[in-house]
Amino acid sequence: SQQGEEDPQALSIQEGENATMNCSYKTSINNLQWYRQNSGRGLVHLILIRSNEREKHSGRLRVTLDTSKKSSSLLITASRAADTASYFCATGTGGGNKLTFGTGTQLKVEL
Amino acid sequence: GAVVSQHPSWVICKSGTSVKIECRSLDFQATTMFWYRQFPKQSLMLMATSNEGSKATYEQGVEKDKFLINHASLTLSTLTVTSAHPEDSSFYICSARLPGLAGSRSYNEQFFGPGTRLTVL
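As they're listed, the protein sequences go chains A and B.
Position 57 (the first sequence) corresponds to 57 in my numbering; numbering is contiguous.
Position 85 (the second sequence) corresponds to 85 in my numbering; numbering is contiguous.
Keep in mind that the hints were calculated from the coordinates and are not lab data.
A hint or two may mislead.
SDA-like cross-link-like pairs, simulated, lysine to any residue; straight-line CA separation at most 20 Å [what the hints assert, rightly or not]: (1) K41(B) to Q9(A); (2) K20(B) to K41(B); (3) K20(B) to V44(A); (4) K41(B) to G59(A); (5) K20(B) to L46(B); (6) K41(B) to T27(A); (7) K26(A) to Q29(B); (8) K41(B) to I49(A); (9) K41(B) to R54(A); (10) K41(B) to G40(A); (11) K20(B) to V62(B); (12) K41(B) to R41(A); (13) K41(B) to V44(A); (14) K41(B) to S68(A).
Just need the whole structure built from these sequences, with the hints factored in.
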């Protein structure tokens, strides 16, 4: 299976704390994307980082990519209860091809 | 912009019946759409790539005769689960790829529909 793995599988933090999720993948990639999914809902695209980029920011989100280690991390700073969701990384192999999703991290942010 | 809708949002059917799920890109044309299946507390697994005007490309292990895909227009792809059985009960999600130039931000970005929960009794 080419599916990536994410850790932790589940993460519970207090509001205001930072949350870090990690993603590892197996093949060479063109880009890596992070998505959020609220329970029973569709996916929301958060951020895309290309294989020639090492770090990217978007609001409270910070994504890093280490292609030598085939890994990425998503940091959510100053978390809020509304950040409670499942987070998935997905790798794209270029040419507008299909995405391969990781196993996901369930984040719970408690008040 | 870049909104994708799915219909129905949920469906309950009897074993042996067929169910059609629609995926529409509302404000852009999508030559490529994707169909995923997600079991509870699991990740999305790609079932097939739907290409407008041509046959869908199915992932290994997905039965093309059971999961019929039709992409008849640039804004609509349909997935029909034929002769559904309880093991087909799942959350089906489609996505549409936003066309973009290589190197642009939108390149390879997919926009996802809200999903369809299928329950087969």
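Do the hints match the structure? See the list:
{"no.": "1", "hint": "K41(B) to Q9(A)", "in the structure": "10 Å, holds"}
{"no.": "2", "hint": "K20(B) to K41(B)", "in the structure": "24 Å, violated"}
{"no.": "3", "hint": "K20(B) to V44(A)", "in the structure": "24 Å, violated"}
{"no.": "4", "hint": "K41(B) to G59(A)", "in the structure": "28 Å, violated"}
{"no.": "5", "hint": "K20(B) to L46(B)", "in the structure": "18 Å, holds"}
{"no.": "6", "hint": "K41(B) to T27(A)", "in the structure": "24 Å, violated"}
{"no.": "7", "hint": "K26(A) to Q29(B)", "in the structure": "32 Å, violated"}
{"no.": "8", "hint": "K41(B) to I49(A)", "in the structure": "26 Å, violated"}
{"no.": "9", "hint": "K41(B) to R54(A)", "in the structure": "30 Å, violated"}
{"no.": "10", "hint": "K41(B) to G40(A)", "in the structure": "10 Å, holds"}
{"no.": "11", "hint": "K20(B) to V62(B)", "in the structure": "17 Å, holds"}
{"no.": "12", "hint": "K41(B) to R41(A)", "in the structure": "12 Å, holds"}
{"no.": "13", "hint": "K41(B) to V44(A)", "in the structure": "17 Å, holds"}
{"no.": "14", "hint": "K41(B) to S68(A)", "in the structure": "30 Å, violated"}
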